[in-house]
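Undergrad: Each chain, letter by letter, is given below.
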Amino acid sequence: MKLYIGGAYQGQEELARQENPAAEIFPDFHEAIRKAVLAEGQDPRTFAEQFCEEHPEAVVTANEVGAGVVPMAAEDRAFREAVGRVLCVIAGKAEQVTRCTCGIGVRIK
Amino acid sequence: MIVLVTGGSGCGKSTWAEKLMDSLQQDRRVYIATMQVYDEESRQRVKRHREQRADKHFRTIECEKDLDSAEIPEGSSVLLEDLVNLTANEMFDNGEVSRIVPALRRLASRCSHLVMVTNDLFSDGEEYSTSVQEYLRCLAEINRQAAEMADCVAEVVYSVPVALKGELPCV
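Those sequence lines, one after another, are chains G and E. Here our numbering = 1-based position in the first sequence + 8. Just so we're aligned: 71 in our numbering is position 79 of the second sequence, and the numbers increase by one with no gaps anywhere.
In short, the hints are calculated from the structure, not lab data.
Chain E regions said to be covered by chain G (calculated; three or more residues, Cβ under 8 Å):
hint : stretch
1    : 2 to 10
2    : 102 to 114
3    : 143 to 153
Restraint-style ranges between C-beta atoms, simulated for each label pair:
hint : chain 1 : residue 1 : chain 2 : residue 2 : range
4    : G       : Ala81     : E       : Val29     : 14 to 22 Å
5    : E       : Glu63     : G       : Ala16     : 41 to 49 Å
6    : E       : Ala46     : G       : Pro79     : 25 to 33 Å
7    : E       : Gln18     : G       : Glu39     : 41 to 49 Å
Note that CB positions come from ideal geometry on N, CA and C, so glycine has one too.
Please construct the entire structure, taking both the sequences and the accompanying hints into account.
TA: In structure tokens:
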């Protein structure tokens, strides 16, 4: 499993596709997390562990959403928390984590 | 050793900081908790953090402001969580922001290890009210001073520590 993260529109998905042409890519995973945790009420850890078990070879790309002033709306805070919890699990299991800025990847794990 | 841990919200800063504490010193571990508990969400956050460190033998000291008032035995290994709340409490709850950095220095000189947690609040590009902008400016200055004091500054990115200063300690 590999994880590519970065701020919005930093090219993490393109880089992931370039570097892993044959892999199954899960782009914009923060949106999948929003759906699973916020809309469907799944537990972040359970959701993450189940995903990793079902897709051990997955290449996941997602936005970093935790920087900035804590949002006023509870739902926005919950979203950041959920993305954090899930991506911590995925990053922990991934053999490779790459952070992308301006299209440039820096491998941090 | 003095370490500053930064990163976004929910990125695993506390978890990494606690693991780091495990590797530094086995006895006289102190956790300085700074968050004001005022609603269910903050209660839940405290509960989660308490559960996380339940078996780690910390003595917890509540200190919402005036860090000098916390009685920390000499030679302690201290986890201070966090500068974001401490600064907000000093600023918005009748405290004194300017006493934070001197108190951090005194604390650092008393204890054998000091791990400070802070947060990256600065990159969302939003414009805030004057008081929030002033808060951000003060916190940024405190972060910079803390980073200067620190042997190691680590940014935790979704559980992965990245060294910004010094070498990452083995955790």
